[in-house]
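Make a model of the complete structure from these sequences and hints.
Chains as they are written, first to last, in the numbering used here: chain V, 14 to 498; chain A, 136 to 476.
None of these hints come from the bench; they were simulated from the model.
Where a beta carbon is used, it is the ideal one built from N, C-alpha and C, also for glycine.
You may find that some hints are simply not true.
[Unchecked claim] Below, in silico cross-link-like pairs of lysine-lysine (BS3-like), each with a Cα-Cα straight-line distance of 25 angstroms or less: (1) Lys144/A with Lys466/V; (2) Lys106/V with Lys336/V; (3) Lys175/V with Lys103/V; (4) Lys391/A with Lys223/V; (5) Lys466/V with Lys223/V; (6) Lys147/A with Lys215/V; (7) Lys215/V with Lys148/A; (8) Lys465/V with Lys144/A; (9) Lys465/V with Lys223/V; (10) Lys433/A with Lys391/A; (11) Lys380/A with Lys417/A; (12) Lys380/A with Lys284/A; (13) Lys284/A with Lys203/A; (14) Lys380/A with Lys465/V; (15) Lys147/A with Lys465/V; (16) Lys303/V with Lys175/V; (17) Lys148/A with Lys466/V; (18) Lys340/V with Lys383/V; (19) Lys85/V with Lys103/V; (20) Lys90/V with Lys177/V; (21) Lys177/V with Lys41/V; (22) Lys100/V with Lys79/V; (23) Lys433/A with Lys259/A; (24) Lys223/V with Lys144/A; (25) Lys433/A with Lys215/V; (26) Lys223/V with Lys100/V; (27) Lys466/V with Lys201/A; (28) Lys257/A with Lys203/A; (29) Lys342/V with Lys383/V; (30) Lys223/V with Lys147/A; (31) Lys201/A with Lys148/A.
[Stated by the list, open to error] Partial chain V-side listing against chain A, Cβ under 7 angstroms, derived: (32) Phe221; (33) Val222; (34) Val225; (35) Leu460; (36) Leu463; (37) Pro464; (38) Ile473; (39) Ala476; (40) Leu477.
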Amino acid sequence: MTLLFNSLQFIFVFFPIVSIIFWLLRSKKQRYWWLALAGYVFYGLWDYRFAPLLFATTVFNFLAAKLIFRNKEIESKENAEKNAESKARKNKKIILVVAIIVNLGLLGFFKYFNFASSMLNQLATIFNLSLNSPILSLILPLGISFYTFQSISYILDVSSGKIKPAASLLEFICYMSLFPQLVSGPIVRYSEISQSLDNIDKVDNSRFVKGVNLFVFGLAKKIMLADTIAMFINPMLSGYSSLTTFTAWAAVLGYSFQLYFDFSGYTDMALGLACFFGFDLPINFNSPFKALNLSDFWRRWHMSLTRWVNDYLFLPLTTSGKKGISKAKILGATIITMFLLGLWHGAGLTFLAFGLYHGILIVMYHLTKKWYDLLPKLIRRIITFVLIVIGFLIFRSDSFSMLLAILGKMFAFTGGLPFFEIRIVILLLLIAASAFISFFLKNTNQLNYLPKKQYIIYAIILALLLVISIVALGRAEVAFLYYQF
Amino acid sequence: MNSPERPRKQEKKFILFFLLSALFFLVLVILANVIINPRSEFSTHIFRPLIKEARAEKIDLLAAFKEKPEIIILGSSNAMMLNNSLIKELTNETSFNAAVDAARIEDYYAMLRYIMEDMHIKPKKLIIALNIEAFNNNLEVDPRLIAEKRLYSKIAQPIISPKINIIISSLNPYYIQDDLTVLRYSLTGYPANFSHVTPDGSVIYDKWNQEKLLGTFNLDAEINNSLNSFVARFRYMTNLSPERKQYLEDILSIAKANNIAVLMFIPMISPKGLEFVKAETKYEEMHQDLLKYIDSLKQKYDFVFVDTSEAGFYNADPNGFYDVAHVDQGNADLIVRVLLS
Numbered sequence: 014m015t016l017l018f019n020s021l022q023f024i025f026v027f028f029p030i031v032s033i034i035f036w037l038l039r040s041k042k043q044r045y046w047w048l049a050l051a052g053y054v055f056y057g058l059w060d061y062r063f064a065p066l067l068f069a070t071t072v073f074n075f076l077a078a079k080l081i082f083r084n085k086e087i088e089s090k091e092n093a094e095k096n097a098e099s100k101a102r103k104n105k106k107i108i109l110v111v112a113i114i115v116n117l118g119l120l121g122f123f124k125y126f127n128f129a130s131s132m133l134n135q136l137a138t139i140f141n142l143s144l145n146s147p148i149l150s151l152i153l154p155l156g157i158s159f160y161t162f163q164s165i166s167y168i169l170d171v172s173s174g175k176i177k178p179a180a181s182l183l184e185f186i187c188y189m190s191l192f193p194q195l196v197s198g199p200i201v202r203y204s205e206i207s208q209s210l211d212n213i214d215k216v217d218n219s220r221f222v223k224g225v226n227l228f229v230f231g232l233a234k235k236i237m238l239a240d241t242i243a244m245f246i247n248p249m250l251s252g253y254s255s256l257t258t259f260t261a262w263a264a265v266l267g268y269s270f271q272l273y274f275d276f277s278g279y280t281d282m283a284l285g286l287a288c289f290f291g292f293d294l295p296i297n298f299n300s301p302f303k304a305l306n307l308s309d310f311w312r313r314w315h316m317s318l319t320r321w322v323n324d325y326l327f328l329p330l331t332t333s334g335k336k337g338i339s340k341a342k343i344l345g346a347t348i349i350t351m352f353l354l355g356l357w358h359g360a361g362l363t364f365l366a367f368g369l370y371h372g373i374l375i376v377m378y379h380l381t382k383k384w385y386d387l388l389p390k391l392i393r394r395i396i397t398f399v400l401i402v403i404g405f406l407i408f409r410s411d412s413f414s415m416l417l418a419i420l421g422k423m424f425a426f427t428g429g430l431p432f433f434e435i436r437i438v439i440l441l442l443l444i445a446a447s448a449f450i451s452f453f454l455k456n457t458n459q460l461n462y463l464p465k466k467q468y469i470i471y472a473i474i475l476a477l478l479l480v481i482s483i484v485a486l487g488r489a490e491v492a493f494l495y496y497q498f
Numbered sequence: 136m137n138s139p140e141r142p143r144k145q146e147k148k149f150i151l152f153f154l155l156s157a158l159f160f161l162v163l164v165i166l167a168n169v170i171i172n173p174r175s176e177f178s179t180h181i182f183r184p185l186i187k188e189a190r191a192e193k194i195d196l197l198a199a200f201k202e203k204p205e206i207i208i209l210g211s212s213n214a215m216m217l218n219n220s221l222i223k224e225l226t227n228e229t230s231f232n233a234a235v236d237a238a239r240i241e242d243y244y245a246m247l248r249y250i251m252e253d254m255h256i257k258p259k260k261l262i263i264a265l266n267i268e269a270f271n272n273n274l275e276v277d278p279r280l281i282a283e284k285r286l287y288s289k290i291a292q293p294i295i296s297p298k299i300n301i302i303i304s305s306l307n308p309y310y311i312q313d314d315l316t317v318l319r320y321s322l323t324g325y326p327a328n329f330s331h332v333t334p335d336g337s338v339i340y341d342k343w344n345q346e347k348l349l350g351t352f353n354l355d356a357e358i359n360n361s362l363n364s365f366v367a368r369f370r371y372m373t374n375l376s377p378e379r380k381q382y383l384e385d386i387l388s389i390a391k392a393n394n395i396a397v398l399m400f401i402p403m404i405s406p407k408g409l410e411f412v413k414a415e416t417k418y419e420e421m422h423q424d425l426l427k428y429i430d431s432l433k434q435k436y437d438f439v440f441v442d443t444s445e446a447g448f449y450n451a452d453p454n455g456f457y458d459v460a461h462v463d464q465g466n467a468d469l470i471v472r473v474l475l476s
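Okay, structure coming up:
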């Protein structure tokens with residue numbers, strides 16, 4: 014059983030109990046314990062066997078960061094004594110490398126072992142070799158991609174001196190197992206939350222209004238838009254061979270909006286839930302479909318992941334080496350970063366292709382920037398949106414044959430306009446509503462959560478939206494798409 | 136009123152109104168579902184439901200039956216076509232069809248106990264239609280059984296009232312759609328009955344029979360229409376429910392203790408439906424598990440068992456269906472002959 018944010022058990026049982034008890038507890042320690050317990054119950058309900066893995070990862074990273082910090086302190090003292098190549102520095106480096114290898118190793122083992130193994134086997138077959146690399150029966154621990162990246166950022170930030178390690182193991186456990194963002198992000202760096210964690214005993218209820226707004230909007234996005242669109246497009250994409258040009262575009266556009274409202278709905282809910290415990294998590298979406306180019310898109314889409322890869326992958330790649338920063342280096346780093354970003358999303362060739370596709374297009378944008386940026390805004394927005402939609406098709410496709418077949422349908426211009434089909438008409442209306450919201454309305458974080466006038470009426474409308482979403486939830490509880498990563 | 140206290144006051148009011156309004160709307164939806172009761176899942180009877188409540192109807196019909204039946208048929212809606220006249224012809228015994236819609240094994244058990252304990256009828260034979268999905272380990276007790284107090288009191292009661300579950304599961308758009316349909320029908324009149332039950336508990340499908348007479352009956356369309364809901368009954372089934380197996384053994388124990396002969400069969404499924412459900416669900420695995428389980432029961436109990444699920448096996452008419460799982464009279468008679476031969 015996965016305790017989804019969009020489940021009645023979560024909305025009516027888990028969340029009220031956790032928040033009421035949280036507010037009854039007063040001391041820092043009690044609140045850490047309670048949130049950590051809630052996080053582990055939330056996680057354990059999915060698969061209790063992986064809770065020890067989360068705990069072990071947490072303890073390991075806490076200790077590694079402490080050791081790195083201690084060696085760093087010794088190193089600073091020694092530096093003061095002009096002893097640059099000290100033992101402490103070496104120790105710090107070794108611990109840092111080991112910690113990163115352990116974190117990436119775990120992620121690699123659970124997420125990529127079978128993929129790599131099957132790729133090796135396929136490669137061997139091409140060369141008439143029999144490799145028989147094993148395929149293990151592995152379950153991908155929920156949220157491992159997210160908490161591994163949080164752990165790595167913590168270790169690297171401590172190592173570079175940006176942050177001090179967590180004061181106590183309990184505080185760190187609380188950070189790593191914070192249930193609003195545990196399984197699907199946003200990827201919260203310790204530096205972004207440490208102050209709130211430190212003041213957990215002093216928080217007041219001033220964020221409740223924001224929390225309610227974000228949770229209700231997130232739930233409505235997920236249930237009323239993403240899941241409703243999914244009901245129409247899933248059968249179309251499963252039977253993609255019978256799509257026409259028109260229905261192929263409708264299905265792919267529908268999927269783009271489904272993915273956006275699913276993931277941004279989840280993030281809104283996560284941010285909203287965190288508000289009830291005094292945390293301001295970083296925003297993860299900033300109207301990505303308003304982007305003017307693909308670089309801009311990635312600054313607006315899954316922003317916490319983009320920031321992560323930018324800071325810990327792209328920048329080190331561009332600044333490494335003795336020759337300094339060059340254009341070629343930046344473009345190369347872009348391709349590598351986007352390729353790995355694609356791989357982060359899943360162990361599959363289509364995910365690699367998704368990353369590569371974005372990498373190449375971002376590079377192309379930078380090469381043609383001078384002329385491209387002269388185009389009218391509307392044109393740039395349309396071009397970018399079409400490119401995003403094609404990218405999402407790569408993301409959604411189970412195989413290259415599916416991808417090519419749907420792309421073929423999209424650009425073959427066959428099959429006429431099936432307007433008479435009621436399901437297509439409803440899908441088009443949903444796409445139109447989604448497009449209006451995505452292109453013309455404010456981002457959720459820009460909304461006025463408490464209008465000065467008629468705020469009571471606003472509260473009633475918001476409550477109605479919540480109840481409509483809860484009723485619509487009764488169709489079926491659908492897991493968030495990003496849970497699989 | 137420009138003090139910093141103002142927004143704080145507004146925030147508190149906002150939260151209070153939000154919570155109270157949400158509670159109000161939620162209660163409103165629940166009350167509408169309970170009062171209108173479109174699916175016969177609650178005990179309220181202000182409006183005529185969309186779904187016929189066979190459980191109460193069968194009990195009332197049996198109470199009014201001309202004699203005490205010697206054969207009782209237990210099963211789901213796909214056993215309602217079993218022909219009491221043919222049974223009489225083959226056995227010279229009177230039978231009553233106590234099969235009810237969407238029945239699970241606890242329905243059979245509750246019905247049998249009610250008939251024997253409260254109506255003081257002791258049959259000579261029991262004919263039991265063993266639907267595989269009636270053993271579904273991931274299917275709750277049917278709300279209509281819970282709503283029928285006379286029967287529900289005969290089965291094990293859970294600690295937490297299942298009515299809470301029924302209320303929660305009624306929170307969905309389709310239920311509200313049913314509420315609105317009931318309100319519309321009560322204003323404009325209900326459509327003609329789809330089917331009716333005869334005094335001996337058998338069903339007559341008026342609409343389908345009419346269509347057959349007119350030559351407008353489209354079996355393929357009916358099968359396609361019922362395919363998804365039929366497959367859904369198996370979708371989350373991973374095992375034969377131990378509790379439901381126990382109910383079957385309790386039925387067999389009651390029969391053994393009262394010298395009641397038991398004849399059991401797995402009902403027939405249309406070939407297309409069977410092919411689809413095998414491809415989409417764990418049907419075949421569950422089917423084999425049920426056969427093994429029935430086999431194991433033979434050591435302890437005496438009963439007749441036939442598996443009629445494959446229409447081809449008994450040369451049944453592949454077109455002798457009303458939809459995926461409901462046989463027509465020809466195939467129903469074939470089942471009775473196989474069972475009683």
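Outcome of the hint check:
1. Lys144/A with Lys466/V: holds (14 angstroms)
2. Lys106/V with Lys336/V: holds (23 angstroms)
3. Lys175/V with Lys103/V: holds (19 angstroms)
4. Lys391/A with Lys223/V: It is violated: about 66 angstroms lies between the C-alpha atoms, which goes past 25 angstroms.
5. Lys466/V with Lys223/V: holds (17 angstroms)
6. Lys147/A with Lys215/V: holds (19 angstroms)
7. Lys215/V with Lys148/A: holds (22 angstroms)
8. Lys465/V with Lys144/A: Holds, at roughly 12 angstroms.
9. Lys465/V with Lys223/V: This hinted pair holds, its Cα atoms lying about 14 angstroms apart.
10. Lys433/A with Lys391/A: holds (12 angstroms)
11. Lys380/A with Lys417/A: holds (18 angstroms)
12. Lys380/A with Lys284/A: At roughly 23 angstroms apart (the allowed maximum being 25 angstroms), Lys284/A and Lys380/A satisfy the hint.
13. Lys284/A with Lys203/A: At roughly 23 angstroms apart (the allowed maximum being 25 angstroms), Lys203/A and Lys284/A satisfy the hint.
14. Lys380/A with Lys465/V: violated (62 angstroms)
15. Lys147/A with Lys465/V: holds (14 angstroms)
16. Lys303/V with Lys175/V: violated (33 angstroms)
17. Lys148/A with Lys466/V: holds (13 angstroms)
18. Lys340/V with Lys383/V: holds (15 angstroms)
19. Lys85/V with Lys103/V: With a Cα-Cα distance of about 10 angstroms, the restraint between Lys85/V and Lys103/V holds, given a limit of 25 angstroms.
20. Lys90/V with Lys177/V: holds (17 angstroms)
21. Lys177/V with Lys41/V: holds (19 angstroms)
22. Lys100/V with Lys79/V: Cα-Cα ~17 angstroms, so holds.
23. Lys433/A with Lys259/A: Judged against 25 angstroms, a Cα distance of about 19 angstroms means the pair holds.
24. Lys223/V with Lys144/A: Answer holds: Lys223/V to Lys144/A is near 15 angstroms, not above 25 angstroms.
25. Lys433/A with Lys215/V: At roughly 69 angstroms apart (the allowed maximum being 25 angstroms), Lys215/V and Lys433/A break the hint.
26. Lys223/V with Lys100/V: violated (50 angstroms)
27. Lys466/V with Lys201/A: violated (72 angstroms)
28. Lys257/A with Lys203/A: Holds, at roughly 8 angstroms.
29. Lys342/V with Lys383/V: holds (19 angstroms)
30. Lys223/V with Lys147/A: Distance ~12 angstroms between Lys223/V and Lys147/A Cα, so the pair holds.
31. Lys201/A with Lys148/A: Between Lys201/A and Lys148/A the Cα gap is close to 67 angstroms, so the pair fails against 25 angstroms, i.e. violated.
32. Phe221: holds (6 angstroms)
33. Val222: holds (5 angstroms)
34. Val225: Because about 6 angstroms separates Val225/V from the closest Cβ in chain A, which is inside the 7 angstroms limit, the hint holds.
35. Leu460: violated (14 angstroms)
36. Leu463: Holds: closest Cβ of chain A sits about 6 angstroms from Leu463/V, inside 7 angstroms.
37. Pro464: violated (9 angstroms)
38. Ile473: holds (4 angstroms)
39. Ala476: Status holds, d = 3 angstroms.
40. Leu477: holds (6 angstroms)
The structure fails hints 4, 14, 16, 25, 26, 27, 31, 35, 37 (numbered hints given earlier, in ascending order).
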